[in-house]
Amino acid sequence: MSGAVLCLSGVQTRIGAYHILHGVDLTVPAGCVLMLLGRNGAGKTTCVRTIMQHWRACAGSVRFDGHDLGALTPSAVAHLGVAYVPENMGIFSDLTVRDNLLLAARSARTVAQIDRTRLARIFSHFPALERFWLTPAGSLSGGQKQMLAVARALIERRRLLLIDEPSKGLAPAIVETLITALAEARAEGTTILMVEQNLSVARRLGDHCAVMDQGRIVHQGAMAAFSADPALQARLLGFTLGSGGHSAEGMHGFAA
Amino acid sequence: MRKLAFLSNDPPKSRLLAALLAAVVAALALAPLLFPGAKALAVAAKILVFVLLVASYDLLLGYTGIVSFAHTMFFGIGAYGIAIACTVLGPSWSAIGLGLMAALTTSALLALLIGLLSLRVRAIFFAMVTLAVASATQTLASQLSAWTGGEDGLNFRVPIELSAGYRWLETPLPGLGFSVPADGRLLAYWGLFAVVSASFLILLRVVNSPFGRVLQAIRENAFRAEAIGFRTTLYRTQAVVIAALFATLAGALLALWLRYNGPDTSLSFELMLDILLMVVIGGMGTMYGAWLGSALFLLAQNYLQTALASLGQPLADLVGLLVGSDANRILVGVLSWSVELLSPQRWLLWLGILFVLSVYYFPSGIVGRLR
Amino acid sequence: MALQPDALMPSHRVPPDIAPWLLIAALAAGAFFVMASPSTWLTLTIAGLAMGLMLFIIASGLTLVFGLMDVLNFGHGVFIATGAFVATTVLGPAGFGAPGSWLLAPEPALQILAVLAAMVLAMVLTGALGFLFERVIVRPVYGQHLKQILITMGGMIVVEELIKSIWGAQAIALPLPECLRGVYLLGDAAIERFRLFAVLIGLGVLLALSQLLSRTKIGLLVRAGVQDREMVESLGYPVRRLFVAVFVAGSALAGLGGALWGLYQQTITAQIGAQVNVLIFIVIIMGGLGSVTGSLLAALLVGLMANYTGFLAPKIALFSNIGLMVAVLSWRPQGLRALASSR
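Chains Y, H and L are the protein sequences, given in the same order. According to the numbering used here, the first sequence is numbered sequentially starting from 1. According to the numbering used here, the second sequence is numbered sequentially starting from 1. According to the numbering used here, the third sequence is numbered sequentially starting from 1.
With the rest of the complex left out, here is chain Y (with noise of 0.2 Å):
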């Protein structure tokens, strides 16, 4: 598919004695965001651990922009142009934001070489990191941290982002900023896969979307129109999406 920069076909892999991707075709359009949907334990982690290289697939290939990963270490990944931000963030507690952001910053071997103007935005969407800029980031709040794994994300332009859960347990307000921070890479060109489980984010967000169950993609295709089709999110997700979105519990925790 022309225009496509992220491409799985017939990923498998397992974990130890489990097999999780049970051959996961999946194609990102360039410059798009798309929403990994899909139940708990229906393999979205799996599969973003899979393309990072962390876990490797028994079968298949992830081709990102005509390089086939499956040959790379997750470092050689990112220096494609990925940035991960996993589910558990990362965070390394014992550094300061400062820190934190410098690691993530490759070009930057001082904190006097990061790109200002990005900082500058950074910080215009997360204050809380210029407030708390030499605090360890171990002390900062969990909205705060993964504002700060978001932000470790947007320090240098990237490809691809690859981001697992971002808005879960969060405060309203903060998912604003890390909606629009989002939007704001996107119009740069980057191309984000994002799995989320809060479905009015994915909703405002995705252009695309791709619907996981058990190991395997069972729908993708346009955002929107899985938006307006709360048949195929019953039968594909369990639930509806409804008048739309805030991050009420009724959107978390359904059955797996």
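It is possible that part of the hints are untrue.
Below, simulated BS3-like cross-link-like pairs (lysine-lysine); rule was C-alpha separation at most 27 Å, straight line [stated by the list, open to error]:
#, chain 1, residue 1, chain 2, residue 2
1, H, Lys13, L, Lys217
2, Y, Lys168, Y, Lys145
3, Y, Lys145, L, Lys147
Facing chain Y, according to a computed beta carbon distance under 7 Å, are these residues of chain L, among others [as the list claims (entries may be wrong)]:
#, residue
4, Ala25
5, Glu107
6, Ser234
7, Leu235
These stretches of chain Y come out as covered by chain L in the derived footprint (C-beta under 8 Å, 3 or more residues) [unchecked claim]:
#, stretch
8, 14-25
9, 67-75
In case anyone wonders, no lab produced these hints; they're calculated from the structure. Each residue gets a CB set at the ideal place from its N, CA and C atoms; glycine is no exception.
Given chain Y, put chains H and L in place with the hints provided.
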């Protein structure tokens, strides 16, 4: 079928291995009659002691998966128990009995303490703690010189029945081209053989019992074992105690044979490394590996040196020739160093390399390879 | 943009954890009251600090290696021994100890230079040995703790034998230059010159290490890697190479520590590594595996304790350190400075 039950249904499982083991056991059993001289008997006796010591360690390392550096401590307790008892109470069987009981009790209590306190923590912590404790015990032994004889150790006499002057048969026994007086030393040796063999069979029974199987399950996956319902700490502690008791017995036997004990004889760190070498090269988790590992190690320690000397000789001659001529100094230096590597005193180097290779390539040691 | 008030402590700073420092001060103060004379106390305290800093130099590398890659090198003592032996050669008759050479020169500056040369060479050679050790011995057994313990012990046996093959099995003397022998007199207190020198070197290493770890990117990477190795890799840094670098640096530091220790003891045998090993393990367990500050605190405690009990009650010296370790672990089971790692 009776034969298998004798070995607790855990036979060698390989013709070659069985033959090798039979040969080793037979050689040890008949050693006084096969090999002349005091040295041969001394080596054989040491091999027997180490068979028991290494088998008890295999229970810990091979079957339960616990790395402990405190095993020499229990060995030393057994040895000192006998040594102190015989020194203080005189060379009598009751003194030996008392010393042994005291040593076994002390070991059991210490093992219990170590097990319950440390086994809850990560393996690495446990290993380091045992290292520290063993080191401390060695220092303690040299410092409590009033009791232990300090650095010099304790020389003591043993009951008359075990000493060289005692004759239990008038006529000497027929050896291989020489005759062997039927004296107390012979009795001591065969007593040693009997106790070691019996203990080994008991250990074989332990590792093949339901208890032993739980230990192996814990070794494979402690988390799962705990989930199934086994109190892993309890099982591990029992393993530590049993291993400690047999190590203590081995120490007592050593002291009785040598009629001497000192900190270097039974408590040194070098000894702990030797045990590790024997258990890994022989084969972890096999029990039978103890016989092969100990025999190999002690034979190497005592006889490899002569072999190495003969190997190193031609090379040394070559270097001698070169030194005379105008040869490149660096080449001479490297060659002299290679000769040095092959010198008899460096036998441990080669055994160490064998040990490292075993851990990589044959974790089940010789026994594993032969199976 | 209205943000929810964030739950965070009112001050932007985390209150510094001074309890372990107080413990050190308490130990020193306690010893002061127990001892009859202030001058003895001063001598022993400086000796304790010197020993502590040497232990820190050796332990810091080991604790980082463990924190970063979850590898415990039981054979770390081998680098200590190599460093000490390299120093004997550099300062011996074949090196700067030859008649007319620097060590025996009348100018103190040249003598110090000889010692520094020995230290630098010790670091370089043990670093190289560390590189080989990591590649041949450690790399094949990542993630398998049991095998790591066995293999690194095996590696230690092999290298110890190699040391004996080069330098011989008997004890060798490590000569101190003239200007570092003897004592300074501060009132009644006799302060050994070499111990002061060791304190200076130790402080220098401490300073360099802390600057490296807090101000340079690579230092940040090491600290970050100790907490979350996978994330560091995801950010685009090859963690493998980082680990090799840390292992080599740790070995080099152990070599430096070994050289200093050898000069401190003045005679060494091939067993020097195994002897110091036990103390090092006590230090890193007490300090908290993976924490450099923790190992500094623990090393100072161990050094002071060893010297105080060495004077007051020599028989219980090693036990006192084990007792100290047990006491500290009862207070803080993860060590003085436990690291919050997301492993």
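Here is how each hint holds up against the structure:
| no. | hint | in the structure |
| --- | --- | --- |
| 1 | H:Lys13 to L:Lys217 | 58 Å, violated |
| 2 | Y:Lys168 to Y:Lys145 | 12 Å, holds |
| 3 | Y:Lys145 to L:Lys147 | 38 Å, violated |
| 4 | Ala25 | 25 Å, violated |
| 5 | Glu107 | 41 Å, violated |
| 6 | Ser234 | 4 Å, holds |
| 7 | Leu235 | 6 Å, holds |
| 8 | 14-25 | violated (count 0) |
| 9 | 67-75 | holds (count 3) |
In summary, the numbered hints that this structure violates are 1, 3, 4, 5, 8.
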